[in-house]
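Protein chains in written order, with the numbering used here: chain A, 5 to 203; chain B, 190 to 392; chain C, 12 to 237.
It is possible that some hints are incorrect.
What the hints assert, rightly or not - Below, simulated EDC-like cross-link-like pairs (lysine to aspartate or glutamate); rule was C-alpha separation at most 20 angstroms, straight line: (1) K114/C with D327/B; (2) K114/C with D325/B; (3) K114/C with E345/B; (4) K85/C with D392/B; (5) K222/C with E205/C; (6) K114/C with E126/C.
The hints are simulated quantities; they were obtained by calculation from the structure and are not laboratory data.
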Amino acid sequence: MTDRSSSLRLTATDLARIAVFAALIAALGLAGTLYPLGGQVPITAQTLGVMLAGAILGAYGGALSVITFTVLVAAGLPLLSGGRGGLHWVIAAPTSGYLIGWSFGAFVIGWLAWRFRPWRRSAAAGMALFLLINLIGGVGVVYAIGIPVHIWRVDSGTLAVIQAIGSFLPGDLLKAVVASVVAYQVHRAIPGLAGGSNE
Amino acid sequence: MAAGGVSPGGPLGAYVPGTSLLHRCPPGPKLLGLLVALTLAIRWPEYVAVPAVALFALARVPPRMALAQLRPLWLFLAVAFGFQVLAAGLGTAIEVVGGILLAVALASLVTLTTRVSAMLDALVVAARPLRRLGIDPDRVALLFALAIRSIPLITEIVRNVREAQCARGAGNNPIALAIPTMIRTLRAADALGEALIARGIDD
Amino acid sequence: MIEVERVTQRFGDRVILRDVTVTLAEPRIGVIGSNGSGKSTFARLLNGLVKPSEGRVTVDGFDTRREGGKVRRKVGFIFTDPDNQIVMPTVAEDVAFSLRRLKLSPDEARDRVAEALERFGLAGHADHPAHLLSGGQKQLLALASVLAAQPETIVCDEPTTLLDLRNTRRVGTLLSQLPQRVVLVTHDLDLLDEYDRVLVFDEGSLIIDDKPAPAVAAYRTLMASP
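Looking at chain A on its own, in the form it has when it is part of the complex (with noise of 0.2 angstroms):
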């Protein structure tokens, strides 16, 4: 991603990596089922999505594709997990906290990737950072958006917190782990993507 910290104008590349990887957050949601326990517990992969869009594109490309996301679910495109889509999801369902949390946890991700460059670092110690990197964008910031919404919504704390944890923290956390893999991995394997401006 070009460095755009002076100038909010997108070229073709950050254009199409922004509408592919929000294409890639839809495509993890219809098609991207993982299977990580012998086949028995679905987790959708969405979040996954989410994370690396932030690792992989860095703050503002991370986000704008998770808003671009979003904004299609808006619209009434069925792109969440479960076919899943419209305007209720995005601002009236009592877990709408956590996905409007999606676009500031990626930009977090990003901001910190960025920040502290974990690819630079060997596979243990890059790994490590990357999933700290992960926990505290992908569930820290996104719970910390979510949580609140939800506990309003339910109008009870326990409520909120016993519902995320049985059916978000055990996925996102499994996901965090993944991500950091990949992230590390994909910054390896494509040295350019933190862009030349600042090696």
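Got chain A; can you put chains B and C on it based on the hints?
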């Protein structure tokens, strides 16, 4: 395939074609109306419930389609209901679950009566003031179209990688799936970027 | 007229093209070579998708490095995989995308789109999602979209490599009938029979520049030697 295009010939998503007043109302006013309705629904849910049902009747959305939008929530709401009955009594449980249902139903009514393309166009129009921040509304519209165009492309990549890894016996290893998916996705992005340049987008 | 002057192309330490000088003026020019011979990079130089590391490329006097926009107006590009070339969700929208910089009125644009789709047998598919077209139809759509912008030259980078025989013939025939100058990079040597000139690349160098029959014969000999 669930998604493919944003033009009138494209996917409908949850849209239910019709000619009611709500269908004919442009998305802008409808969204403002929703904002008001949600505010009222949060403050005085008991008074909004009946008008909300009346709006569904006015839009002539088949109840089956309306309920389909709420179905993914049932387990979530059942847990919430059960918890609230035990913790705070039946009255609170009904109030909480009813409030959620009402808000989701009202918002879904906008989706049920608005074409995807009309909604996206409205958002692009709404993005016009952002021009002052250096954001070009045409680029925003292009970004939406490119993303929609890319969905079948990337879905195909995800499927192909899964099939290839299954053939190699690695079908359940999420990392073995995700790395080739990412590499091929980035390659697709580069190819798309190149096509955009060739077709003069940056000139 | 496209002039390539002493172009050397490097990506990192790898030399992709070595000191290539050639002037392209004929209406039909074929480009052949083995995988990795540099022919695809050569094609991308012609419309400024790749900027030369050394030397220069000009199209009617416009330098691809400084005046890429003007160059790309004159030189359209067809990619191997039409899936990567189609950028809009539906067939008609993709053709219309090419017209955006022509600043046509909506009516004019609609007519131009309809005309282009008609010409390539896609009129019945105008509002269909582009990804549901067959491979051959996708390449026809790519052609329709590029030609709608009315370039003077089109550069095609192995446009038939992913197509079956029938569609290869069809695209080949369409290309041969175009009023535009065509620069065709291909492995389908039969398509070049009627061409004016064929360039053969090998390991980054332009080694043969001749009429199709002798150029293709020499290329076959080259590929047969160990």
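Inset, instruction - Give me the numbers of the hints this structure contradicts, sorted from smallest to largest. - result: Of the numbered hints, just 3 does not hold.
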